[in-house]
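Chain R: place on chain A using the hints.
Each chain, letter by letter, is given below.
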Amino acid sequence: MNIIHITLGILLGGAILTYFANKISGVVRDLMFISTIVVAAALFFIKMTPDTVAVFNLGGITLSLGMNHLGLLFSIIILGLAVLAGFYSLPYMKGKDNLGFFYMNYLLSIFGMMGIVMSKDLVSFFIFWEIMTWSSYLIVVYNGNKANKIGIKYILFSALGAYSMLMAIVMVYSQLHSFSIADLSAGFTTMPASYQITIALLLITGFAVKAAMMPLHVWAPDAYSNAPMSYTAMFSGALSKMGVYGLVIVFVTMVSHLPQNFWVRETIAWLGAITAGMATIYAIFQDDAKKLLAYSSVAQLGYIITGVAIGTEISMIAALMLSIVHGMFKANFFMVVGAVERQAGTTDLTVLTGLIRKMPWTFFSALMSAIALAGIPPLVGYVGKWMLYESLISNGNYILVIVIFFASTAGFLYVFKILYSIFLGQEEPEFENVKEAPALMVIPMVIIALLLGFFGAFPGYLLKYIDNALVVMGYPVSQGKWWEMTTLFNAWGNKVSTDLIMYTTITVFVTIAIVLFYRWKNGRYVSTKDISLSGEMPKEDENYSFKLDFYKPFERAISPLLRYKISKYYNEFADGMEAFFDWTRRIYNGNAQTYAIYVITFLVILLLIANNIFTV
Amino acid sequence: MDFLIKTLGAIATIIVAFIVGMLYMGINRKITARVQNRVGPPVWQNYIDALKLVSKKTSVHHGVMQHLAPAFLMISSMGTLLFIPILRGQSWFPNLSYHGDLIFILYFMVLGSLGMALGAGQTGNPNAAIGITRGLSQMVGFEIPWVMALVAMMIQYHTTSISDLMAIQQQHGWLMFQNPLAFLAAILAMLGMFRYSPFDIVGAPAELASGPISEFGGKYLGLMMSSGSIFAFTKLTLYVDLFMGGASNIVVLLIETFTLYLIPMLYGLVSPRYRTEQAIRYFWGWPTVLGLAALVYSVVI
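Chain order of the listed sequences is A and R. Heads up: the first sequence begins at 1 in my numbering, then just goes up one per residue. Heads up: the second sequence begins at 1 in my numbering, then just goes up one per residue.
In isolation and in its complexed conformation, chain A is listed as follows (with noise of 0.2 Å):
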C-alpha cells in the first residue's frame, strides 16, 4: 500500500461515492466531488516520490504501475487543471441535470489519465486509456444536443486509435512475450525490422488520435466544443496530452531505433505543422467561441506534435513546454468562455458584445491567456515558441518553420478576434445586467494569468521538471546548456533573458500609463455610443460594432486552400459505406421467400460444385 495506490484509489473510491452522493443532496455530491480531487492531488504532491511502484492483481493479470519523472511532468498538468477545473466546475455546472453522473465521469477519466502515466505496462496502459476515453465519450454527449452524431465521431476515431493500439501491443507480445513497457524499449532493436516499423506507426496512429493530429483531428472541434466548457478545460488542456505523452514514448523508445527514422519523423513533424496551419486558418473563420477555442487547441497541439516528431534536445524541451503552457492558457480560455456563457447565456461571437466593464477579472484573464496563446513576450506563452523555431532553424527544417510562423502570425487574428468580439465593441442593452462570474470561477482563471506572467519571467521553474523528465527519457541533462533559471539558449549560444524583458515591458508601461494616469480625473467615461461616426450617433437600439465576415479580405487572399477540408473526405466516405449498406439491405430484405430463394440458389450451386469435386 504505497501512494499510488492510494491516488488511484481515492480517485475511483470517490468517482463511485461523487455517484451515489447525488442521491442524498448536491451538496454532499459537490464536496465529495472537490474534496476526491483536492486530496487526490494534496496527498500526490506532498507524497509522491519518483521511482516508486506498485502492483495490482485483478484475477490473474497484474498490473504493474510506477512513477517517474515523464509522468510526474503530465501529472502537474493533470492534477493542477484538475484542482483549478474542480472548483470552477461546482458553479459553472450548477442546476444541471445528471450531475452525478457528470462528475463521476470527470473523476473517473482524471483517475483515468494518472493510471496512464503510471502505466508500466501495456496491459494496464490501455485499460486505463480505455477508461479515459469511454468517461469523457460519456461526457461529450452529456449535453444532448446534436450529441449523437458528435459522440459517435469521436469514439469511432478513438475506436480507431485504440484497435491500432491493441494491434500494436499484440504484436509486441508475440515478439517478445511481455507486456512490459521497459521491456519493450529494451527489446525494440531485436525485433524483426518490419514489426518494427508497423509497431511504431500503429502506435503512433493510436496517440495521434488523442493528440488530434491530422487527418485525426476530425473529432476534436465538435467534441471540445460540445462538452461543459468546465470539462473541456480538461479535455483540451491535460486529456489531449496523453497523446503527446505517448508520442513522447514512442519517438524516444521506439522510432529513434527505426532505420527509417528520418523519414517517419519528417512526416509526422510536416503533418504536424499542417494540422497547426490548416487549424488556424478555420479557427479565424469560427463564429462560436467554443468551436473557436477547440480548432485553436487542434493548431496548438500540431506545434507540439512537430516539437514531438523533431526530437532533438531542444524541440523536445519546446514540446514538453508548449504542452505544459497549453495546458495553462487553453484551460483558462475554455473557462473565461464558460463564465461568459453561464453569465451572458450565449457563446456566439456575433451576439456578444462589450462586457469588458461588466465582467473585468473574466477579461484580465482572458488577455493574458491571449497574450501566451499567440506566444508574445514576456509572457511564458513564448518560451516554447522561441525554443521551437530555433530548434527547427538549427535541425535544418527551414521551411517547416515557415509553416509554423505562418500559423502563429495567422494565430494572432483569432486571438483578436475573441477577445474584441466577447469584450468590446459597443455596449448592448440586452447584456446590461450581465454580472462578473462567482468567485470560485473567477479566482481559479485569474491564477493561471498569474502563474502565465510569472513564469515568463522564470521559466526555470518549469523547465526544471522538463529536464527531469528528459533525462529519464534519456536525454542529457539540459540546464546550463539551453537554459538557466532566466535564460534561453539556442544551438548557437545566442540568448534571450526572460527576467530583463519582463522587467523592460513592465517599466515602459508603468511609465506611460504614470503618463497617461496624470491627472486622469479629470477625464470622464463616455459611452462607446458616443464617438465620432462621421458626425452620426448610433441610437439606442442599434449596435455598429463589427462582427459578421470580420476577416473577410482574409479569406478572400487566401480562399483557394480553404478548398480543402479533410472532413469532407470523410463524409464521403461516411456516405459511400451508407450507400453500400443501403445496398446490401436489397439482399437482405427481410421477405421470408427471398430467403428461401438464397437457401436454394446456394444449395444449387454447393450441389453443382459438390459434384464437380466429387465425381471428378
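For the record, the hints were derived by calculation from the structure and aren't laboratory data. Hints may contain errors.
Below, computed lysine-lysine pairings styled on DSS-like, alpha-carbon distance capped at 30 Å [to be verified]: (1) A:Lys358 <-> R:Lys57; (2) A:Lys47 <-> A:Lys96; (3) A:Lys552 <-> A:Lys568; (4) A:Lys547 <-> A:Lys435; (5) A:Lys47 <-> A:Lys464; (6) A:Lys568 <-> A:Lys547; (7) R:Lys6 <-> A:Lys481; (8) A:Lys358 <-> A:Lys539; (9) A:Lys529 <-> R:Lys56; (10) R:Lys6 <-> R:Lys30; (11) R:Lys57 <-> A:Lys529; (12) A:Lys153 <-> A:Lys495; (13) A:Lys358 <-> A:Lys96; (14) A:Lys529 <-> R:Lys30; (15) A:Lys435 <-> A:Lys464; (16) A:Lys495 <-> R:Lys52; (17) A:Lys291 <-> A:Lys96; (18) A:Lys464 <-> A:Lys481; (19) A:Lys96 <-> A:Lys435; (20) A:Lys539 <-> R:Lys57; (21) R:Lys30 <-> R:Lys52.
The following block gives chain R in isolation, referenced to the frame of chain A:
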C-alpha cells in the same frame, strides 16, 4: 553606478529615436507636399504637434483598455529599441542588445499592436475594428517574406543574434550584397511594415477615417505619434544592423536609415491604395518567391 549609466543610456537612446523619427516624419510631409505641388508644413511641425497634443488634458475616455493603449504601443516601440544595437562597437548605447535575439524581437514587436488593437476595439468605433482586422491580415501577409529573409540569414551565418550578424558583416561585407535575395524580400516586406501607400489600408483616410486611431485624441494621439516615430526609427535601425552592417557613428546611421526610409516613402507617393486581399496576395507573390530563393541560396552557399 552601472545601473544608473545604463538607465541614462536607455533614456538617451529613446530621446534620439524620438527626435530622429519625428524629423523623418516631418521630411516625409515636406516631400509629399512638394510631390503634390504644395508648399507643405515646416519639417519641425511634428515636434510642435506632439508637444501640443501631449500637454493637453484628457477629458474623455472609453474605458481602461482604451486608456492604456498608448502604453501597450510604447512597449513595442521603446522596448524593441532597447533590445537592438543602435551603433556598431557597442561603446554607445549598448542597452539590452545582448539579451534578446531576432526571433524574440519578431514577436516582441507585436505586443504593442495587440494592445493597441484592443484599445481601439474598446472605443466601439466600427471603423477602428475594421482597420484592425485589415492590419492583422496584412501582417500575416508581410511577415512571411520577412521571416524567410531572416531565416535565410540565420542559416547562412549560424546565428540568431543581431550583434553577431553585425560582427560578421565587418568581415564579409554587407549582407545586402552577401544575400541580395534576402535583402530584396526584406525590403518588400518593409513596404507593408511602414503602412504607407499602397499598404495604408489600416488607416485608409478615405473610407475608414483614419481607422484604429479615430477615437484617440489629445494625450493619446500625442503618445501614439511619438510611439510611431520611435518605432519607425527602431525598424530602420534594425534594417541597417541586419543588412548594412550597422553604423559606426550617428551621422552614418542617419544617412543609412534615411536612405532606407526613402524606399517606402517614395514608393508610396506614386501608388494608389490596395484592397486588403490584394495587399496580402502581393506579399505572397514575388516577395515570398524571393524569400524562398534566399533560403535556397543560403542553404546552397
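To see whether the hints hold, each was checked on the structure:
With a C-alpha separation of about 27 Å, the suggested pair lysine 358 (chain A) and lysine 57 (chain R) falls inside the 30 Å cut-off, and the hint holds. Proposed proximity of lysine 47 (chain A) and lysine 96 (chain A) is contradicted: the alpha carbons are some 36 Å apart, above 30 Å. With a CA separation close to 22 Å, the supplied pair lysine 552 (chain A) and lysine 568 (chain A) stays within the 30 Å bound. Taken as a hint, the lysine 547 (chain A) and lysine 435 (chain A) pair is honoured in the structure, with Cα atoms around 23 Å apart against an allowance of 30 Å.
In summary, the hint linking lysine 47 (chain A) to lysine 464 (chain A) is supported, as the alpha carbons are separated by about 19 Å, within the 30 Å threshold. Taken as a hint, the lysine 568 (chain A) and lysine 547 (chain A) pair is honoured in the structure, with Cα atoms around 27 Å apart against an allowance of 30 Å. At most 30 Å may separate the alpha-carbon atoms for a hinted pair to count; lysine 6 (chain R) and lysine 481 (chain A) meet this at roughly 28 Å. Distance restraint check for lysine 358 (chain A) and lysine 539 (chain A): the Cα-Cα separation of roughly 21 Å lies within the 30 Å cut-off, and the hinted pair is therefore satisfied.
Taking the CA atoms of lysine 529 (chain A) and lysine 56 (chain R), the gap is about 24 Å. The hint holds against a cut of 30 Å. Straight-line distance between C-alpha atoms of lysine 6 (chain R) and lysine 30 (chain R) comes to about 36 Å, which puts the hinted pair past the 30 Å bound. At roughly 22 Å between alpha-carbon atoms, lysine 57 (chain R) and lysine 529 (chain A) fall within 30 Å of each other, so this suggested pair holds. Straight-line distance between C-alpha atoms of lysine 153 (chain A) and lysine 495 (chain A) comes to about 45 Å, which puts the hinted pair past the 30 Å bound.
Using a Cα cut-off of 30 Å, the hinted pair lysine 358 (chain A) and lysine 96 (chain A) holds, with the two alpha carbons roughly 24 Å apart. Between the alpha carbons of lysine 529 (chain A) and lysine 30 (chain R) the distance comes to roughly 37 Å, so the proposed pair goes past 30 Å and is violated. Among the hinted pairs, lysine 435 (chain A) with lysine 464 (chain A) is inconsistent with the structure: their alpha-carbon atoms are about 40 Å apart, more than 30 Å. Between the alpha carbons of lysine 495 (chain A) and lysine 52 (chain R) the distance comes to roughly 41 Å, so the proposed pair goes past 30 Å and is violated.
Simply put, lysine 291 (chain A) and lysine 96 (chain A) have alpha-carbon atoms about 22 Å apart, close enough for the 30 Å limit, and the pair holds. Of the pairs offered as hints, the one joining lysine 464 (chain A) and lysine 481 (chain A) holds, with about 13 Å between alpha carbons and a cut-off of 30 Å not exceeded. For the suggested pair lysine 96 (chain A) and lysine 435 (chain A), the alpha carbons sit about 20 Å apart, so the restraint of at most 30 Å is met. For the suggested pair lysine 539 (chain A) and lysine 57 (chain R), the alpha carbons sit about 29 Å apart, so the restraint of at most 30 Å is met.
Simply put, lysine 30 (chain R) and lysine 52 (chain R) have alpha-carbon atoms about 20 Å apart, close enough for the 30 Å limit, and the pair holds.
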